[in-house]
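Residue numbers (this note's numbering), protein chains in the order written: chain P, 420 to 1060; chain W, 8 to 110; chain R, 11 to 193.
Please keep in mind that the hints were generated in silico from the structure rather than gathered at the bench. Any given hint might turn out to be false.
[Claimed, not checked] Simulated crosslink set (DSS-like; lysine-lysine; CA at most 30 angstroms straight-line): (1) P/Lys816 <-> P/Lys1031; (2) P/Lys816 <-> P/Lys975; (3) W/Lys109 <-> P/Lys1031; (4) P/Lys595 <-> P/Lys449; (5) W/Lys59 <-> P/Lys1028; (6) P/Lys535 <-> P/Lys595; (7) P/Lys992 <-> P/Lys816; (8) P/Lys809 <-> P/Lys975; (9) W/Lys109 <-> P/Lys1030; (10) P/Lys445 <-> P/Lys535; (11) R/Lys98 <-> P/Lys1036; (12) R/Lys93 <-> P/Lys1028; (13) P/Lys1028 <-> R/Lys98; (14) P/Lys535 <-> P/Lys816; (15) P/Lys920 <-> R/Lys98; (16) R/Lys102 <-> P/Lys1030; (17) P/Lys993 <-> R/Lys102; (18) P/Lys884 <-> P/Lys816; (19) P/Lys975 <-> P/Lys884; (20) P/Lys884 <-> P/Lys993; (21) R/Lys98 <-> W/Lys59; (22) R/Lys93 <-> P/Lys1036; (23) P/Lys809 <-> P/Lys920; (24) R/Lys102 <-> W/Lys109; (25) P/Lys1028 <-> P/Lys884; (26) W/Lys109 <-> R/Lys93; (27) P/Lys595 <-> P/Lys975; (28) P/Lys1030 <-> R/Lys98; (29) R/Lys102 <-> P/Lys1036; (30) W/Lys59 <-> P/Lys1036.
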Amino acid sequence: MPQAIIILLIPLLPLLGFILLGLFGKKFFKNSSGLIACLLLFAATLLAFYAAYEYFTNAAGLDYPREVVLNYTWLRFSDTLSIDMGLMVDQLSMMMVVVVTFVSLMVHIYSLAYMKGEERFPTYYSFLSLFTFSMLGLVLASNLFQIYIFWELVGVSSFLLIGYYYEKPSAVAACKKAFIVTRFADLGFLIGILVLAGVSDTLDINTMIATVTAPDSSHATQLLTSSFLGISAITWGAVLVFMGGAGKSAMFPLHIWLPDAMEGPTPVSALIHAATMVVAGVFLVARLFPIYALTADVALDIVAYVGVISAVLAAIIACTQTDVKRVLAYSTMSQIGFMMFALGVSGYGGEAGLGYTASQFHLFTHAMFKALLFLGAGVVIHFVHNNDIKEMGGLRKYLPVTHITFLIACLAIAGIPPFAGFFSKEEILLAAYQNNQLIYWLALFTSGLTAYYMFRLYFSIFWNKEVSLQNTHSHSSPAMTIPLVILATGAGLAGFIPFGKYVNSDGRPPESHFDLQFSMLPVAIGLAGIFIAMWLYKKESERPNRIAASLYGLYKVSYNKFYIDEIWLFITKKIVFNLVGRPAAWFDRNVVDGMVNLTGETTEFISDKIKKLQSGKIQQYAIFFLAGAIGLALLFIYVWK
Amino acid sequence: MEPGLYHILFISAALFFIGVYGFFTRRNLITLLMSIELILNSVNLNFVAFNKYLWPNRMDGVFFSVFIIAIAAAEAAVAIAIIINLYCSHRSIDVETAEELKY
Amino acid sequence: MTGPTIIFYLLAALTLASGILSVTTRQIFRAAIYLLFSLIGVAGIYFWLEYQFIAAVQIVVYVGGIVVLIIFSIFLTQQAGEKMARQKVGRKIFSALAVFLGFALTMLQVYEHQFFETAEAPVSTSIREIGTRMLGTGDEGYALPFEVISILLLAAMIGCIVIAMRVKETSKTEQGTSNKEVS
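One chain only, chain P, in its complex shape:
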């Protein structure tokens, strides 16, 4: 069990970076802020690796203890119910700490070169440090409300970073959209927290899980009988908490903010909107998994179907997008859908918990290859000064390192052995196959689409036509290429980690049998997708346009993102604003303000009437004086003896 001080330092070092660079960055650390942030984060990464190493190797056998190493009671409502700030050390948090610090470090180093020369360089690094601190606080939290606090902090950091180029109106609109949509989802999250706290009478996660799942406790019988609209209270709590998670993880239908969030700088997209923040929803469901497993018939079903719908939807949309970062954004949404439905089909404990392990494994590997994809895309965009893949082509000559690492990442995401994505995706498909055949076939179809659109992207950028460029000097400094190489190594080797041994739902690892027959089908579908993409996009040709023309209806729907943005706008503008907003505003302006104005006007009226008392005429004063004296005398003599 690693020491408390080490765990405490892991989030505090980036916080120190945020404070230093936020307060003094512009004045003192104009050019060195990047280095300072990188150094602090490097120290945090080393500490995280050390802590994880100590935790995973020193555990007695397979029993991974789940311990709260540091606890500070902040707001106490009753004996058991209090908002604490604590640090929890267990399998999930140690794994997430490693992922977050490692990917964040890669992004920090990459940004040294990518954001060089920016006017607000220190501000950028201070926001990045704030984000890292918030995310680390989120994954280490031991109290459900503490998760909520850090959840909002992460949302704020995302808002700040998406709107980094605040002179661009599209960036401002995008950061507002992200914040508002996730905030709306957090409404459900908060209500869910309150329901869960009300049911289990505590906010501490370990205590809550123990209380709710204990088979003979009074709570268990109570929660299964207390119901609202036919669904038990605890199911409501779990579903509402998932609503919050769905918003943050860009699940359908709350996914509309993620493509727009690509207005931020590319390293930000790599860190936040690919590897760490968007998996917060998956993390949340995993953290509260025993509660979800208890209410599996409703809650986990919702999780699974929302996940698989998001996965399929995003894959279809990604096939027609032409902006590099948008394709990658939808790819992220799709992969997170995979993680979600893997959790959704999972059971609890031992073999049944295969989905849980598979989901976390995919989170781990996805972080690496998605960050790699984004950083590589950043290099390409930096080189061509354009986001559109129609303006790119033949870049393999100019950016060799980027080319190779991008290829490795694409192979990983397509699920081709021996890269990491193959292992994690295969486990997910196995879990789906064992529990829900419909989801299995949909997942298989999505894997094929994934391979297709990723390789469409790859071939369009690095092969296809030759683009004539004015300045063909490659800007890639070592700061940009080294993270790419490191991440590519991770993407290549991470698959061989026996993940089930380390991260599982209740301490007992699921037996991961490597079934050759089973994995042949997904690999074959993946290769088919790759070959179709190669046939269409490797050489410049008219085939893609002809196919798009023949499938015109489907193409149009996919290109316009299934019109979901338009539907949301319609709902908010025509329905919510007119039916709820306008009456509420009228009420506020006329009734509430009217009452306040009325008190003011009444006071004025009364004061106007009684100001005649102060007329400046001394005789009048004397009359009142005498009248008062007589009145008091009468009172004292006759009434109050």
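Fit chains W and R to the given chain P structure using the hints.
Here is chains W and R on its own, set in the frame of chain P:
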């Protein structure tokens, strides 16, 4: 009937309220001052009467009256000075014109 | 009806009648004179009560000082001849009612109250007694109030001079600046 304490108290109360009536009704500042002198006199009468009929072994009432007379003199002098000052700035000593303390 | 009784009732009638006339007449000089008679009436009552010293002080200070002062101020503000302005009838009736009510209340309380007379022997109120007591510093001495009154009179004198002096200066400078060109 032999005049006693009650008669003098009657006179003093009557004089007091005559003075008060004058205070409420008069428009001229100097006549206002005259009403105040009536009020003070009634109080003096009260003190002396109590001293004579209730406490003949002491002289407190007498001394009170002497001092009240002295104070009334000082107050009348100051009041006249103020009235003259007011007359110079307002050119009239009507009480209705001295309205500076109005809202 | 003995002599003192008749004298008392005459004095009371003089005081009250003069008082009422003083507050209701419309000529200011007559009001001052009625006040004078009212104060003489009060002095008469003091004589009737056998407090000669107080009566003398009343005549000297009140009648001879304050009423004269009032008459001087009437002349200074040039009000002697004309009739004064009327007061609103409503105000007069209201004040009369209020005053009558107050008077009735007071008399009611006075008549219902039992006044207890002390049984001790009366003390002489000759001038010698009053003088000794006034400057006495013992238990029942009034030396301190005496000194305080003297300071009060001093303050009043200085105050009047200051207020009056300012008045004279402004009137003088107003005339002065209109005559001279350069001050």
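Checklist line | Numbers of the earlier hints that this structure fails to satisfy, in rising order | finding: Of the numbered hints given earlier, those the structure breaks are 1, 2, 5, 7, 12, 15, 17, 20, 21, 23, 25 and 30, listed in rising order.
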